[in-house]
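Protein chains: 2
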Amino acid sequence: MTGLERFSINQMTVKQLSLPELADACTGLGIRHVGLWREPVQSYGLEATAKLVRDAGLTVTTLCRGGFLTAIGPAERAAALADNRRAVDEAAALGTDTLVLVSGGLPAGSKDLRGARERIADALAELGPYAERHGVRLAIEPLHPMYAADRCVVSTLTQALDLAERFPAHQVGVTVDTYHLWWDDRAPEQIARAGATGRIHTFQLADWTTPLPEGVLNGRGQIGDGAIDMREWKAYVETAGYTGPIEVELFNDGLWARDGREVLAETAARFVEHVME
Amino acid sequence: MTGLERFSINQMTVKQLSLPELADACTGLGIRHVGLWREPVQSYGLEATAKLVRDAGLTVTTLCRGGFLTAIGPAERAAALADNRRAVDEAAALGTDTLVLVSGGLPAGSKDLRGARERIADALAELGPYAERHGVRLAIEPLHPMYAADRCVVSTLTQALDLAERFPAHQVGVTVDTYHLWWDDRAPEQIARAGATGRIHTFQLADWTTPLPEGVLNGRGQIGDGAIDMREWKAYVETAGYTGPIEVELFNDGLWARDGREVLAETAARFVEHVME
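So the protein lines, in turn, are chains A and B. In terms of our numbering, the numbers along the first sequence are unbroken and rise by one, the last being 279. In terms of our numbering, the numbers along the second sequence are unbroken and rise by one, the last being 279.
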């Protein structure tokens, strides 16, 4: 299939495939890039995964995910920092320069969004230099505001950049994901802001489809099925200077119930049709 | 119960109660204000409802809802405008000065949020003067971004004010609803902006609880059950000059399954505890 030079398949999109199945399917379709997740990598083995993707000629565009940095208690905070240092180590071992961060939600019983956001900055001050020493950049991912309470208190690209810009760009940047940002009329100007300081560390796609499922986690739409004009968002990041890989990351119960190789081929075809052509 | 002087119960919170039951329950609890919805009012009869609430000594704080102004086709647009003029007439007949507007989502197949928002402005230019002649103010309600595709393309208070400020404040203002705005770090400054031009036409409360239910419509939390600091938001609107009634509007399958009078009493008690004390 032509038009896949910049396509990266985020592993979560086809989580029904094992890592060897994924690598094999990518080779068959001419897919050159993958985004990986820590849990399946740990299950398969970090070094084994690194060898697998290397042997398949795949580059790892991102590792998902670090973060969850909003805890208040010292023990919990120390544990979160230690886990994020491990995530940096894993990213480095896999040969990717980008670790995606999902910041974490409000601690139980808390109603203090501002305080939670400030604790993320405190954590980044520790993690940024550590990541730099390992050749890894942290990419704060603003998640859709519907996740503000229980998953990610960073809800807009503006907030993500306000955090990131306290640190050097080679330590901390952002993840631009259409699913989380498409509704925000300020996002285009914020993409320009991110590009101007070299902070677009990864660009991810998912489409917005409704109705949302219970829990609103696993309803990310296949590219072309929803409300988002993918070419428009690609143009925003390209105008801002980003010409790297484009990851498709779908959490979708319907896609997960299907044959993974079929979903991968469909996703690649949708990418070519709705993003590249 | 003391502390209920500013409390208004939005009818949807206890939709299991008929209008006479609601009026009777309000009288029994010392509740002075209600927010009404068009459909149950039409079912009971417009004039009958107006007499009922008048006889019970209740003021109608808002009528919900007009809007749905994003259609593209001329026939659909004309029908929407006609329906909104009827909504203005109904508001006037009920003695309320505020009609809440939910703007509408993307038309089927459209991915053009900006165009949809612009069509709302076109509609307001027709409806604003009509409302003014009937002593009614339109209150654009920004809905949470999770509704941007299918329900309301106006997702932030900033966007709502950008629309409203094209018109006189006595024609078009905004609805400030904690459920929709709580995640937005810009909302406090935008509340100040709204207050400075006299555009806070109503203030509504619901709490944010998770997990969200399928379709994300009927999971608005009882006051005090969720992530929102109600006193903080009350302080924002008061600092901005708003000292009017405060509506509690909950869409919640769990509350609807219970005895309506019990839910009303609970909601009033929660209001006193979490908002006023």
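Careful: at least some of the hints might be erroneous.
Identical copies go unnamed one by one, so any copy, or any two together, can satisfy a pair.
[Said to hold, decoys possible] Here are the simulated SDA-like cross-link-like pairs (lysine to any residue), alpha carbons at most 25 Å apart as the crow flies:
1) Lys113 - Lys236
2) Lys236 - Gly117
3) Lys113 - Ala198
4) Lys236 - Arg56
5) Lys113 - Thr160
6) Lys53 - Ala237
7) Lys17 - Pro213
8) Lys113 - Leu219
9) Lys53 - Ala73
For the record, the hints were derived by calculation from the structure and aren't laboratory data. None of the values given here were measured: they were computed from a predicted structure.
The hints, checked one at a time:
In this homomeric assembly, Lys113 and Lys236 come within 25 Å of each other (Cα to Cα) only across copies, at 15 Å, whereas the closest approach inside a single copy is 36 Å. In the homo-oligomer, the alpha carbons of Lys236 and Gly117 lie at most 25 Å apart only across protomers (20 Å), although the nearest pairing inside one protomer, at 33 Å, exceeds that limit. Proximity of Lys113 and Ala198 under a CA criterion of 25 Å is satisfied in neither setting, with 34 Å inside one chain copy and 27 Å between copies. In this homomeric assembly, Lys236 and Arg56 never come within 25 Å of each other (Cα to Cα): the closest approach is 28 Å inside a single copy and 57 Å across copies.
Taking the closest pair of Cα atoms, Lys113 and Thr160 come within 25 Å of each other both inside a single copy (21 Å) and across two copies (23 Å). With identical chains, the CA atoms of Lys53 and Ala237 are never at most 25 Å apart, being 35 Å at best within one copy and 58 Å at best between copies. In the homo-oligomer, the alpha carbons of Lys17 and Pro213 lie at most 25 Å apart both inside one protomer (23 Å) and across protomers (23 Å), since each shortest distance falls under that limit. Proximity of Lys113 and Leu219 under a CA criterion of 25 Å is satisfied in both settings, with 22 Å inside one chain copy and 22 Å between copies.
Proximity of Lys53 to Ala73 under the C-alpha cut-off of 25 Å is found in neither arrangement, the shortest distances being 35 Å within a copy and 54 Å between copies.
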